[in-house]
Amino acid sequence: MPHDLLEPYRLLIADVYELAGASRSTSETLARAERRTAAQWHVLSVLLDGSTTVPRIAARLGLSRQAVQRVVHDLRGDAQVDVTPNSRDARSPLVVLTPAGRETVDRLYERSAADRSLLLESAGVSRSDLERARATVQALVTAIRSVPPGAGAAPGRGSTGGRSSASSAEG
3 MPHDLLEPYR LLIADVYELA GASRSTSETL ARAERRTAAQ WHVLSVLLDG
53 STTVPRIAAR LGLSRQAVQR VVHDLRGDAQ VDVTPNSRDA RSPLVVLTPA
103 GRETVDRLYE RSAADRSLLL ESAGVSRSDL ERARATVQAL VTAIRSVPPG
153 AGAAPGRGST GGRSSASSAE G
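In our numbering, the protein residues as written are 3 to 173.
Simulated from the structure, these hints should not be mistaken for laboratory data. None of the hints are false.
The following label-pair restraints were derived from C-beta to C-beta distances:
no. : residue 1 : residue 2 : range
1   : P57       : D131      : 30 to 36 Å
2   : G23       : D131      : 19 to 25 Å
3   : Q68       : A35       : 23 to 29 Å
4   : T138      : R93       : 32 to 38 Å
5   : T28       : R134      : 19 to 25 Å
6   : R90       : R118      : 31 to 37 Å
7   : R118      : Q140      : 16 to 22 Å
8   : R34       : L142      : 28 to 34 Å
Just so we're clear, the structure is a prediction, and the values are computed from it rather than from any experiment. Here a beta-carbon is modelled for each residue, glycine too, at the ideal position from N, C-alpha and C.
Model the full assembly from the supplied sequences, consistent with the hints where possible.
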């Protein structure tokens, strides 16, 4: 990565963490009205794309497998999700959204629509702004998952250094 991109990258990562934290906080408030948590909402949202395994949900949300397993256990107890055998890996069942879970996530999205619309209007961003931002973030996610940590370090030299105090969220 050219060195002139390092600082903007680090600042972007810090901003993504800040955005995720602020969004999670507002999601927690909205989810409480449905007697849910933001973590439960996030897991239910991932399942809108179809059934998947706990490790895949964890990877998508950037959480530990154990944390997602606890959320899935709670959601299963409330009949929001179910688990079915996975023909590809008997040790990792598929988590499936139930009709009740679908109704819950639909209500959560409906409840959040006005707040999110106001937020987007207030931020002055357009659909194309959001699509470009998402494409950039997706490209970075793909790259970070495909390049092994330390692959860019010269043998025996370790880190490239040059960290900024403004970008402490990620190096």
